[in-house]
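There are 2 protein chains.
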Amino acid sequence: MRRWNGWGDDTTSYRLRPGGLRFLQTWAGPGRPARDADFAEVMKAVPLSRLPPHPLVSSDAADRVRHARGQSLPDWVALRGGRLGTLPDGVARPTSREEVRELLRFAAQAGVTLIPYGGGTSVVGHINAGPMPTLTIDLRRLNRLLQFDDRGCLATFGAGVIGPDLEAQLRARGFTLGHFPQSFEFSTLGGWVATRSSGQQSLGYGRIESLFAGGVLEGPAGTLSLPAFPASAAGPDLRELVLGSEGRLGILTEATVRITALPQIEAFHAVFLPDWERAQAAARQIVQAGLHLSMLRLSTAPETEATLALAGHERLIGALERLLALRRVGPSKCMLLMGITGRESLVKASRKEALAIAGAHGGVHIGRLFGQEWRKNRFRLPYLRNTLWDLGYAIDTLETATTWDGVPEMVAGIEAALRGATMAPGERMHVFTHLSHLYPHGSSIYTTYVFPLGATPDDTLAHWQRMKRAASEAIVRKGGTISHQHGVGVDHAPYLAPEKGELGMATIREACRVFDPTGMMNTGKLV
Amino acid sequence: MRRWNGWGDDTTSYRLRPGGLRFLQTWAGPGRPARDADFAEVMKAVPLSRLPPHPLVSSDAADRVRHARGQSLPDWVALRGGRLGTLPDGVARPTSREEVRELLRFAAQAGVTLIPYGGGTSVVGHINAGPMPTLTIDLRRLNRLLQFDDRGCLATFGAGVIGPDLEAQLRARGFTLGHFPQSFEFSTLGGWVATRSSGQQSLGYGRIESLFAGGVLEGPAGTLSLPAFPASAAGPDLRELVLGSEGRLGILTEATVRITALPQIEAFHAVFLPDWERAQAAARQIVQAGLHLSMLRLSTAPETEATLALAGHERLIGALERLLALRRVGPSKCMLLMGITGRESLVKASRKEALAIAGAHGGVHIGRLFGQEWRKNRFRLPYLRNTLWDLGYAIDTLETATTWDGVPEMVAGIEAALRGATMAPGERMHVFTHLSHLYPHGSSIYTTYVFPLGATPDDTLAHWQRMKRAASEAIVRKGGTISHQHGVGVDHAPYLAPEKGELGMATIREACRVFDPTGMMNTGKLV
Numbered sequence: 000m001r002r003w004n005g006w007g008d009d010t011t012s013y014r015l016r017p018g019g020l021r022f023l024q025t026w027a028g029p030g031r032p033a034r035d036a037d038f039a040e041v042m043k044a045v046p047l048s049r050l051p052p053h054p055l056v057s058s059d060a061a062d063r064v065r066h067a068r069g070q071s072l073p074d075w076v077a078l079r080g081g082r083l084g085t086l087p088d089g090v091a092r093p094t095s096r097e098e099v100r101e102l103l104r105f106a107a108q109a110g111v112t113l114i115p116y117g118g119g120t121s122v123v124g125h126i127n128a129g130p131m132p133t134l135t136i137d138l139r140r141l142n143r144l145l146q147f148d149d150r151g152c153l154a155t156f157g158a159g160v161i162g163p164d165l166e167a168q169l170r171a172r173g174f175t176l177g178h179f180p181q182s183f184e185f186s187t188l189g190g191w192v193a194t195r196s197s198g199q200q201s202l203g204y205g206r207i208e209s210l211f212a213g214g215v216l217e218g219p220a221g222t223l224s225l226p227a228f229p230a231s232a233a234g235p236d237l238r239e240l241v242l243g244s245e246g247r248l249g250i251l252t253e254a255t256v257r258i259t260a261l262p263q264i265e266a267f268h269a270v271f272l273p274d275w276e277r278a279q280a281a282a283r284q285i286v287q288a289g290l291h292l293s294m295l296r297l298s299t300a301p302e303t304e305a306t307l308a309l310a311g312h313e314r315l316i317g318a319l320e321r322l323l324a325l326r327r328v329g330p331s332k333c334m335l336l337m338g339i340t341g342r343e344s345l346v347k348a349s350r351k352e353a354l355a356i357a358g359a360h361g362g363v364h365i366g367r368l369f370g371q372e373w374r375k376n377r378f379r380l381p382y383l384r385n386t387l388w389d390l391g392y393a394i395d396t397l398e399t400a401t402t403w404d405g406v407p408e409m410v411a412g413i414e415a416a417l418r419g420a421t422m423a424p425g426e427r428m429h430v431f432t433h434l435s436h437l438y439p440h441g442s443s444i445y446t447t448y449v450f451p452l453g454a455t456p457d458d459t460l461a462h463w464q465r466m467k468r469a470a471s472e473a474i475v476r477k478g479g480t481i482s483h484q485h486g487v488g489v490d491h492a493p494y495l496a497p498e499k500g501e502l503g504m505a506t507i508r509e510a511c512r513v514f515d516p517t518g519m520m521n522t523g524k525l526v
Numbered sequence: 000m001r002r003w004n005g006w007g008d009d010t011t012s013y014r015l016r017p018g019g020l021r022f023l024q025t026w027a028g029p030g031r032p033a034r035d036a037d038f039a040e041v042m043k044a045v046p047l048s049r050l051p052p053h054p055l056v057s058s059d060a061a062d063r064v065r066h067a068r069g070q071s072l073p074d075w076v077a078l079r080g081g082r083l084g085t086l087p088d089g090v091a092r093p094t095s096r097e098e099v100r101e102l103l104r105f106a107a108q109a110g111v112t113l114i115p116y117g118g119g120t121s122v123v124g125h126i127n128a129g130p131m132p133t134l135t136i137d138l139r140r141l142n143r144l145l146q147f148d149d150r151g152c153l154a155t156f157g158a159g160v161i162g163p164d165l166e167a168q169l170r171a172r173g174f175t176l177g178h179f180p181q182s183f184e185f186s187t188l189g190g191w192v193a194t195r196s197s198g199q200q201s202l203g204y205g206r207i208e209s210l211f212a213g214g215v216l217e218g219p220a221g222t223l224s225l226p227a228f229p230a231s232a233a234g235p236d237l238r239e240l241v242l243g244s245e246g247r248l249g250i251l252t253e254a255t256v257r258i259t260a261l262p263q264i265e266a267f268h269a270v271f272l273p274d275w276e277r278a279q280a281a282a283r284q285i286v287q288a289g290l291h292l293s294m295l296r297l298s299t300a301p302e303t304e305a306t307l308a309l310a311g312h313e314r315l316i317g318a319l320e321r322l323l324a325l326r327r328v329g330p331s332k333c334m335l336l337m338g339i340t341g342r343e344s345l346v347k348a349s350r351k352e353a354l355a356i357a358g359a360h361g362g363v364h365i366g367r368l369f370g371q372e373w374r375k376n377r378f379r380l381p382y383l384r385n386t387l388w389d390l391g392y393a394i395d396t397l398e399t400a401t402t403w404d405g406v407p408e409m410v411a412g413i414e415a416a417l418r419g420a421t422m423a424p425g426e427r428m429h430v431f432t433h434l435s436h437l438y439p440h441g442s443s444i445y446t447t448y449v450f451p452l453g454a455t456p457d458d459t460l461a462h463w464q465r466m467k468r469a470a471s472e473a474i475v476r477k478g479g480t481i482s483h484q485h486g487v488g489v490d491h492a493p494y495l496a497p498e499k500g501e502l503g504m505a506t507i508r509e510a511c512r513v514f515d516p517t518g519m520m521n522t523g524k525l526v
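Protein chains in written order, with numbering that gives the first Met the number 0: chain A, 0 to 526; chain B, 0 to 526.
FYI, nobody ran anything at the bench for these hints, they're computed from the structure. Check before you lean on any hint, since a few could be wrong.
[Stated by the list, open to error] A short, non-exhaustive set of chain A residues, derived as facing chain B with CB atoms under 10 Å:
1. Leu223
2. Ala230
3. Ala232
4. Gly243
5. Glu245
6. Thr401
7. Trp403
8. Thr480
9. Ile481
10. Lys499
11. Leu525
In this text the structure is predicted, and so the values were computed from the model without any measurement. All C-beta atoms, glycine included, are put in the ideal place defined by N, C-alpha and C.
Turn these sequences into a full structure, and let the hints guide you.
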């Protein structure tokens with residue numbers, strides 16, 4: 000069963016080896032475990048629903064609690080501290096477009112705000128209720144494969160299908176979508192579209208923007224059907240308005256996606272580079288060489304160290320480090336993971352070219368072991384949040400994207416902003432960064448920071464707010480986008496205007512007004 | 000010098016060999032040459048400008064005539080017949096953003112409609128004046144390379160730069176944009192963006208949508224700056240609103256494009272397949288195999304025949320046909336051109352894979368000769384319009400894109416619609432089609448039709464209108480987009496609503512209102 004106040008399924012946990020814990024204590028100081036509120040306690044505080052009764056709507060308190068929050072740090076503080084604040088007045092689980100339209104009618108009549116809900120994995124507050132009477136629409140029953148065109152590599156799903164169900168149905172037919180965000184096990188196709196999600200292998204398969212071919216959106220003012228053209232020059236592309244609309248225009252009920260035949264070969268290789276500068280140069284040249292790669296992921300030296308330390312295989316890591324030292328790759332080593340996917344002949348040629356580029360920058364290829372480990376654990380890392388919280392630490396991530404010339408300063412600027420906003424003199428934190436999605440024209444930057452919980456939930460939240468604000472301001476100041484893959488929600492909304500401009504913001508607001516004249520859709524998010 | 004009433008530069012002409020002419024007469028009947036109006040005649044009919052004087056505005060009659068029309072068939076009928084109808088009251092050639100803003104102010108005060116003008120190569124009426132007093136803004140003096148980032152593969156140009164000037168500056172630095180629409184020699188970067196242009200090698204380099212990283216748009220209500228992020232999840236992508244905006248939002252003054260290092264190897268190969276069905280299967284499988292191709296272009300059997308006949312090398316073609324017949328590729332042969340571009344090792348692997356797929360469908364690879372010829376003449380074909388008009392024929396093209404399962408019926412449907420709308424009993428026309436841009440998830444369809452001029456310009460225009468209407472209705476009925484690469488302009492505007500939907504059309508209209516509250520930008524185009 001899904002954890003109500005943490006990440007993921009309650010049968011899975013991420014054990015931290017002793018070496019990992021020691022590493023954490025060294026860098027972030029001692030943890031400060033807090034007492035969590037339990038479910039029963041939280042349930043007692045749930046206010047009465049303000050919705051009129053409707054056969055499609057549950058006002059069950061447990062349902063409402065389980066749909067109240069996502070996975071942002073403020074969400075965690077609220078859930079663990081048992082201070083849920085506002086929560087939805089009801090939850091509906093429509094099974095058809097008709098039921099979605101019926102719920103839109105009901106909400107319009109009752110003056111209720113609607114929140115479209117996919118997997119509940121938002122880390123920026125996309126699905127949190129405001130003060131108005133609110134109905135959360137859980138879309139996970141809209142999960143069927145509706146059309147499958149193997150010749151044309153297109154599949155249409157109910158937009159509430161979760162990652163594993165989508166992939167399983169495609170794989171059974173010899174295909175893949177290739178979209179693997181870290182939230183893959185729980186997040187939904189519609190959620191990916193609404194938040195402009197990027198999968199770990201987007202270098203090969205494309206971001207959701209290029210995978211989403213069309214679909215159906217049901218909004219208060221009517222239905223928008225987006226045909227699945229392979230391309231079009233017929234005016235502005237309305238898919239790109241739905242992508243990133245974060246529930247403000249309506250509810251995506253169906254989505255057609257561009258699928259690919261399963262690759263002949265897929266392998267993940269690890270290369271260690273001697274330092275951050277050479278690592279960036281190698282990674283940049285590899286991504287600009289136009290090879291057949293599906294992933295590049297480059298860790299800074301501190302993240303490389305943290306990754307190895309948290310893995311906890313001390314003897315194995317020791318052997319690796321001795322081997323690398325012989326090849327002049329020392330303590331400032333940076334790990335580059337490469338996914339190579341496709342036809343055998345192209346994979347072979349691409350691997351050779353990529354390793355030659357890395358080698359020219361002093362990179363040492365250590366084979367597939369680390370890549371395989373990474374793949375095995377690709378969706379497990381968020382479970383570390385549960386483990387660390389229990390040990391008295393909060394862990395959060397933030398991310399941006401910028402052009403190549405801005406990458407070094409952006410990494411340094413974000414890390415410095417986080418460090419500069421620590422709680423109190425003597426308090427420590429640890430911060431490290433990787434480039435998670437590389438492009439020929441720039442890179443995303445993904446920073447992880449760990450800090451001990453505060454003495455009270457308010458302290459933890461205030462500390463996080465200071466850090467988040469400092470980092471977000473650094474991102475804006477240095478000309479990055481406020482989000483490369485998490486979306487805007489409420490946490491990033493104050494920082495959207497600088498990159499969209501006045502006319503851009505006004506246009507997005509007008510689009511919302513066209514689809515949702517009374518402003519009942521996911522009010523307060525995005526704009 | 001640019002022809003004022005035909006395609007291209009007046010020092011270039013496309014000679015039709017005797018065999019080509021015979022082929023045309025056989026299929027389209029005898030030509031009916033018409034007397035063209037001459038420039039002096041047209042000049043005499045130019046009305047007085049209705050604009051107040053302004054130092055940046057020329058109201059010279061020759062300037063106005065030369066900016067009056069594009070390259071659509073109605074434009075040709077107007078220009079050749081000397082019946083220009085409405086034309087702009089003035090032409091301005093700004094050299095800076097400040098001058099563009101000054102012209103926006105002038106137009107707002109004077110109540111004048113503005114038409115942004117790039118290369119004047121529109122084939123759907125993008126740049127034609129309406130009845131209101133109109134100022135055409137010729138942007139070709141905004142043509143400088145403003146920023147160049149070789150490490151980050153980004154270049155910023157004044158948006159009025161024409162194709163050859165853009166490529167020359169990039170090539171001198173070891174890079175290419177790789178954007179080669181047929182209009183390349185005359186059309187501009189800003190025009191490509193505003194009309195969602197697609198280059199001949201978009202399979203490798205991407206359509207202008209993926210090449211356009213950001214830029215600056217000056218509109219009546221203000222300035223929109225689009226930052227050149229490599230990717231972003233921060234809400235709807237406003238680049239995709241500017242792309243295809245056809246001058247309705249404002250004037251693109253600067254554009255940053257994603258560039259690529261010049262490829263190690265580029266080669267164009269020809270393969271002949273035995274029939275249309277096998278040709279489509281081969282092309283589709285090749286494009287779905289994820290190879291390193293920069294172009295796939297597949298002609299139907301009638302277009303293959305026309306291409307070979309119009310080339311006029313009868314002995315060479317005879318030899319080719321005997322060779323193909325030995326390999327069981329006969330009279331229903333279809334020509335597939337493949338561009339393979341990139342690193343040597345990947346080009347080699349990709350060529351092998353592509354030829355193996357083609358071979359499995361009975362395809363015969365005849366090497367690079369036809370491909371080289373195609374490349375040499377890639378921008379020459381539109382000059383055939385001049386030659387044919389002089390011989391008494393009109394030639395026009397239309398295009399769409401659809402999913403793979405819709406391709407065969409769409410090709411047949413468009414061709415049948417055109418044939419069904421011929422002028423009079425006994426009148427003939429010739430029509431043939433190729434797939435110009437192939438995608439894993441569908442294809443564009445590009446149909447050429449040739450017909451004898453009517454007895455009067457009105458007859459020619461009426462005939463064209465019947466054909467265009469019939470073909471456009473067929474495209475809409477069969478679920479294609481009304482344009483894959485030409486845009487909407489005025490000719491396609493009546494067919495836009497079916498694919499955008501009511502909410503979509505309303506959203507585009509509202510976006511226009513945000514940027515251009517008084518409706519002074521390129522009125523009557525797009526929506």
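Taking the hints in turn, this is what the structure says about them:
1. Leu223: Hint on Leu223 (chain A): holds, closest Cβ of chain B at ~5 Å, below 10 Å.
2. Ala230: holds, 5 Å
3. Ala232: Given a least distance of 4 Å, the restraint on Ala232 (chain A) holds.
4. Gly243: holds, 5 Å
5. Glu245: Given a least distance of 7 Å, the restraint on Glu245 (chain A) holds.
6. Thr401: holds, 7 Å
7. Trp403: Cβ of Trp403 (chain A) sits 4 Å from chain B, so the hint holds.
8. Thr480: holds, 4 Å
9. Ile481: holds, 5 Å
10. Lys499: holds, 6 Å
11. Leu525: With Cβ-Cβ at 6 Å, under 10 Å, it holds.
Figure legend: structure checked against the earlier numbered hints; every hint is met.
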